[in-house]
Amino acid sequence: MVEPSNFELHEAPVPEPEEGEFLVRNLYLSLDPAMRTWMVDQPSYIPPVQIGEVMRGACVGRVVESRNPDYGPSELVVGIFNWQDYATSKGGGAIPVTKVPDGVPATMPLGVLGITSLTAYFGLKEIAKPEPGETVVISGAAGATGSVAGQLAKIWGCRVVGIAGGQEKCEWLTGELGFDAAIDYKGEKVSGRLRELCPKGMDVFWDNVGGQILEAALANLAWGARVVLCGAISNYNAPEPAGPRNYMNLLVRRARMEGFVVFDYMDRADEAMAELVPLVIEGKIRHREDVRDGLEAAPSALVDLYSGDNRGKLLVKIADR
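Residue 234 in the numbering used here is what sits at position 187 of the sequence shown, and the numbering runs on without skipping anything.
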């Protein structure tokens with residue numbers, strides 16, 4: 048398990064922006080499950096964070112000084128500005144810096160109007176391709192991405208079952224978010240409950256967890272099911288990650304399991320936001336945020352993310368303005 052002792056807090060002079068750069072004062076930092084995979088020295092979809100480097104992370108910040116004509120002082124922007132008070136940027140990168148529209152709360156571009164919702168949107172639309180009336184099961188359903196994926200599936204006419212840890216989270220899914228049913232993996236046997244709730248199998252399984260829950264899902268697939276690999280948080284801190292032993296059921300059920308990375312769809316972000324923003328504004332997509340105070344709180348908050356001790360999108364408030 049990642050521990051706060053894996054991190055050190057350093058102080059250094061605030062950097063001066065060079066020609067073409069701008070200086071950002073970070074206000075909020077997003078904490079995401081994928082951060083643990085970035086701390087492993089092996090090839091992935093993005094280079095690992097090396098020992099001694101500033102930890103990678105998405106932030107919303109305010110431009111305080113600019114030598115770039117595209118970004119002016121006082122503008123609110125979102126980008127990969129990392130675990131620090133101040134950052135300089137030219138505006139590019141795997142996720143280009145974007146401006147936060149007026150009237151949008153500073154936290155939303157890191158959650159319900161950010162990468163997590165884009166992940167839910169494109170994972171469903173391009174990989175799962177659910178049809179009205181199909182049964183969609185979401186693991187990690189009370190998390191930032193899973194909760195939006197489930198709500199979108201409901202909006203698009205599906206029956207949705209969520210898997211989450213604890214009665215409170217399950218009640219939130221069925222009570223406020225409108226899921227048809229929820230399974231408490233901490234208090235119920237997932238495999239048995241899936242058979243009860245999905246007697247004809249599931250048409251789509253959205254996996255944020257991996258391990259035993261993925262195995263339980265693979266055992267209960269409908270004919271032609273689609274399994275979306277979004278994450279595997281149960282394995283991120285495991286010395287020996289568990290893989291599905293029953294993957295051959297994909298063959299038996301003529302099913303498909305496919306992974307994806309949202310970075311591949313960033314050139315279509317406007318398409319997704321055109322649908323997501325009205326749904327959020329109208330209250331048809333609900334969300335909640337768990338905000339911790341101070342940059343120094345980031346390491347311990349990250350541990351809470353993997354133990355499930357957060358409620359909704361986990362953020363760290365770095366500064367007021």
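Some clues are possibly wrong.
Said to hold, decoys possible - Derived lysine-lysine pairs resembling DSSO-like cross-links, with alpha carbons at most 27 Å apart:
1. 331 with 137
2. 364 with 201
3. 247 with 176
4. 236 with 201
5. 233 with 172
6. 146 with 176
7. 146 with 364
As the list claims (entries may be wrong) - Cβ-Cβ distance ranges computed for the label pairs, FRET-style:
8. 117 with 225: 23 to 29 Å
9. 121 with 238: 53 to 59 Å
10. 138 with 293: 42 to 48 Å
11. 343 with 301: 47 to 53 Å
Hints were generated in silico from the structure; no laboratory data involved.
Where a beta carbon is used, it is the ideal one built from N, C-alpha and C, also for glycine.
To see whether the hints hold, each was checked on the structure:
no. : hint                     : result
1   : 331 with 137             : violated, 36 Å
2   : 364 with 201             : violated, 32 Å
3   : 247 with 176             : holds, 19 Å
4   : 236 with 201             : holds, 24 Å
5   : 233 with 172             : violated, 30 Å
6   : 146 with 176             : violated, 30 Å
7   : 146 with 364             : holds, 19 Å
8   : 117 with 225: 23 to 29 Å : violated, 41 Å
9   : 121 with 238: 53 to 59 Å : holds, 54 Å
10  : 138 with 293: 42 to 48 Å : holds, 46 Å
11  : 343 with 301: 47 to 53 Å : holds, 52 Å
Checked against the numbered hints above, the structure breaks hints 1, 2, 5, 6, 8 and satisfies the rest.
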